[in-house]
Amino acid sequence: MVYIDSWDDFVERSVQIFRDDPHSTRYVMKYRHCDGKLVLKVTDNRVCVKFKTEQAQDVKKMEKLNNIFFTLMVRGPDVDIAEVTGKEPAEQQVSKKGRGRRQ
Amino acid sequence: MVLLQPDPFLNELTNMYERTKEKGSVWVTFKRSSMKPKAKRKKLESAGEVIEYRCLVRATDAKKTISTSLAAKDYLRFQASYATVLKAHMNALKKRERKDKKKSAEGEKKAAADQNKPTSKPNP
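As they're listed, the protein sequences go chains A and B. The opening position of the first sequence corresponds to residue 1 in my numbering, with each subsequent residue numbered one higher. The opening position of the second sequence corresponds to residue 1 in my numbering, with each subsequent residue numbered one higher.
Just so you know, the hints here were simulated from the structure itself, not pulled from any lab data. It should be emphasised that the depicted structure is a prediction, and the values quoted were computed from it without experimental measurement. Please note: incorrect hints may appear among the correct ones.
Reference excerpt, derived from the structure (chain A facing chain B, CB under 7 Å, subset only) [stated by the list, open to error]:
id	residue
1	Tyr-3
2	Trp-7
3	Arg-26
4	Tyr-27
5	Met-29
6	Arg-32
7	Asn-67
8	Met-73
Here chain A is said to cover these stretches of chain B; the calculated rule only asks that three of the stretch's residues, wherever they fall, bring their Cβ under 8 Å from a Cβ of chain A [as the list claims (entries may be wrong)]:
id	segment
9	19-27
10	43-55
All C-beta atoms, glycine included, are put in the ideal place defined by N, C-alpha and C.
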């Protein structure tokens, strides 16, 4: 099992793995409250990268990664994730308009 | 494997996190899926690419497994609620404060104590 030390490295490699084989890549997260440990794994059944942590600050980073993966998986591997945060406000604006019309 | 709608899935996921506070793990898996059998998928691909992919999310606590499938319109809302659930429950992790050396020392002692537990082997 390949544990990556650098978070950014882990993110880059996992997105690469997904883009190389979007159909068989999966992202697994294991959390143990009693041990205070979080382990993330991305694999396409051939290559595997993992990241483990006990730090609370990594939860925020993991949430961003979750967003990245959600976007990639639903919209497709060709989506430009450089702006996952850039996309969310755009979507929110659309929904606000929707609410206005319903009134 | 129980397939649920996104909202009941989140409720059940919350329950899992509550149940595993003292002992146990929660695994959550994300995978892209078209939810169709291989043969059908190949037919659609050769005909014309109109396969709608969804995001399959599975969660288990080693006793029970639940799952849900998200489409392009559901995922943003799910993403926000899911982040809330995680933030609410993942509070056992250490906070990196250089001032609190005592807390991290306590955390290390607990980790050491936990490592001692699984080393019991049955005698032949």
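Hint by hint, here is what the structure shows:
1. Tyr-3: violated (17 Å)
2. Trp-7: Cβ of A:Trp-7 sits 13 Å from chain B, so the hint is violated.
3. Arg-26: Constraint on A:Arg-26 satisfied, holds at 4 Å.
4. Tyr-27: Since the shortest Cβ distance to chain B is 5 Å, the answer is holds.
5. Met-29: Holds, about 5 Å.
6. Arg-32: Since chain B brings a Cβ to about 5 Å from A:Arg-32, closer than 7 Å, the hint holds.
7. Asn-67: With a closest approach of 6 Å, the A:Asn-67 hint holds.
8. Met-73: Because about 4 Å separates A:Met-73 from the closest Cβ in chain B, which is inside the 7 Å limit, the hint holds.
9. 19-27: It holds: at least three residues are needed, and the segment 19-27 of chain B offers 8 whose Cβ sits within less than 8 Å of chain A.
10. 43-55: holds (count 3)
In terms of the numbered hints stated before, the structure departs from hints 1 and 2, listed from lowest to highest.
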